[in-house]
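K.L.:
The lines below spell out each chain.
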Amino acid sequence: MDAVLFLVFAAIAVACGISVVVQRHPITSAISLIGVMGALAVLYLLLGAEFLAAVQVVVYAGAIMVLFIFVIMLLNAGVEPPGGRSWPVRLLGLPMLVILVGLLSFVIRRVFAGGEEVRFGAFTKGGPREIGRLLFTDYLLPFEVTSVLILVAILGAVVLARKEID
Amino acid sequence: MNFFVLSLLKAAIVISVLMVSLLYLQWVERKVIAHIQLRMGPYRVGPHGLLQPFADVLKLLTKEGFIPSHVNLFFYLLAPFLAVSLALISIVVVPFGPEVELFGVRTTMQLTDLNIGILFVLAISSLSVYAVTFAGWASNNKYSLLGGLRSAAQMISYELPLALSLGAPLLVAGSLSLREIVLAQQGTILGILPNWMIFQLPAPQLVGFLVFLIAAFAETNRIPFDLPEAENELVAGFHTEYSSLKFASFFMAEYANMITMTAITTTVFLGGWLPPFPETLGSNWAPAVIFALLGALAVYYSRQAPRPKDRRTLPWVGLALFAVAAIFLIPAAHPLLVPPFWFLAKAGFLMFVFIWVRGTLPRFRYDQLMQFAWKFMFPVALVNLFATALLVALFPR
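Sequence lines, in order, name chains R and B.
With our numbering, letter number 160 in the first sequence gets 160, and the count goes up by one each step, no holes.
With our numbering, letter number 47 in the second sequence gets 47, and the count goes up by one each step, no holes.
Simulated from the structure, these hints should not be mistaken for lab results.
Small disclaimer: the values here were computed from a predicted structure and weren't measured.
No false leads were mixed into what you were given.
Footprint (simulated), chain R over chain B, 3 or more residues, beta carbon under 8 Å:
id: 1; segment: 117-123
id: 2; segment: 127-140
id: 3; segment: 145-154
Cβ coordinates follow ideal geometry from the N, Cα and C atoms, glycine included.
Please model the entire structure based on the sequences and the hints provided.
P.N.:
Okay, here's the thing in structure tokens:
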């Protein structure tokens, strides 16, 4: 059951991911990205990380992607014309991608050779209590540093986007 | 009993109650608004217009489902589907009553008890903005697009106070499961006041409750926050290009969202299925008394009703209410009937408040809406959250 669900949602995630790149219309790409987020949330759920799954939907699908779509709709971006790619790019694109993916998986296999395999349902520490405890004990410094980083990014965006008022 | 059979049975009960209340909420709304405005409201179809919802459904079903030629077909059709399914799905985590035993089967009066129940509700409500946004964009019409944009902006803005005001009661209850939140509200304060979240020490959530309620109005696109469909500037906003059943889906979604929001408010702030005063003071008998009083009222009014027809029919209504009161008098039925009664009574009162506000307040201007969200609601919800956190930390249970 778990394996079947994993395969189905992994396939959906990959299909949506490809669709993000292939689609010509920005809105359709953005919606494909929501599909990726949703499928990932289900994968988290399968692994037993309930809190992460819910937060994935609330934050990414529910807030960030709404902003993306809002901006795309506001700018009324149209269909992108198919780009005129040169012939070596067209010829070598797919083989290069295959080689990259192969290399990556090879390196991951080598580096994490002794690691445990992922088993569905074996992980039970994905509740809000455990994650909260970890965030405020073991990972307190990275957590706070990240929040400061995001704050700085927001301030930077405000400064960059501000109109000059004289 | 088999888990699947049990779940199917419970789902069947919940969905039928939900659908009937969806239909009749619309009738109640029209009647209440009419009486606020000194009109009669629907009166022709059935006694006191009681069959009006069915007439409306029939009308919407038989209308031509016209699809304009300039729309983006996939998203145009996806939007109403998304709207109605996302609006109906949140009800699965709402607890209607405690654990009960019926014919030797122990079960909870709830479809599923997720231990991230509140987050599930927030996730679903944050996704429902897509329905309106897609509808506005796919319609390829400037009014629809404006409605969709407004709704996206409004729902993102009001999601923040909504989530922050929900955070404070979670701190007090110490759980994300809706069932455990209700169980944390058992007991009384000083023997009289119920220990509901809006009164509960050390941090009464009265402010959080009001912020949540106001944000819920905005999330469900109800007056005074119904700018996405402001008819005097945007024709009908995001659903301008929709007709027939596709329009009915949006209509249904609005009422389903209202039911979900009132159910969540009841569960988190108003003690869910718990009675307003303890059982030792006889709260189990209160529903019977209430129904009997309503029956007596119907019989009394039938003596002086202006219409002769009402003089004949109202005693029968009174009799039906007495029969319901008699059912509530059976002690064996108490654990099964009384908790859902209190839950529905509280949720029903909140729905009445929604309708009442619609009959009372005018619509906001768009800039006022945004100012209100960011400069008033958000700081208040934030201060409430911090104050609650401080009080919970100082006076742990």
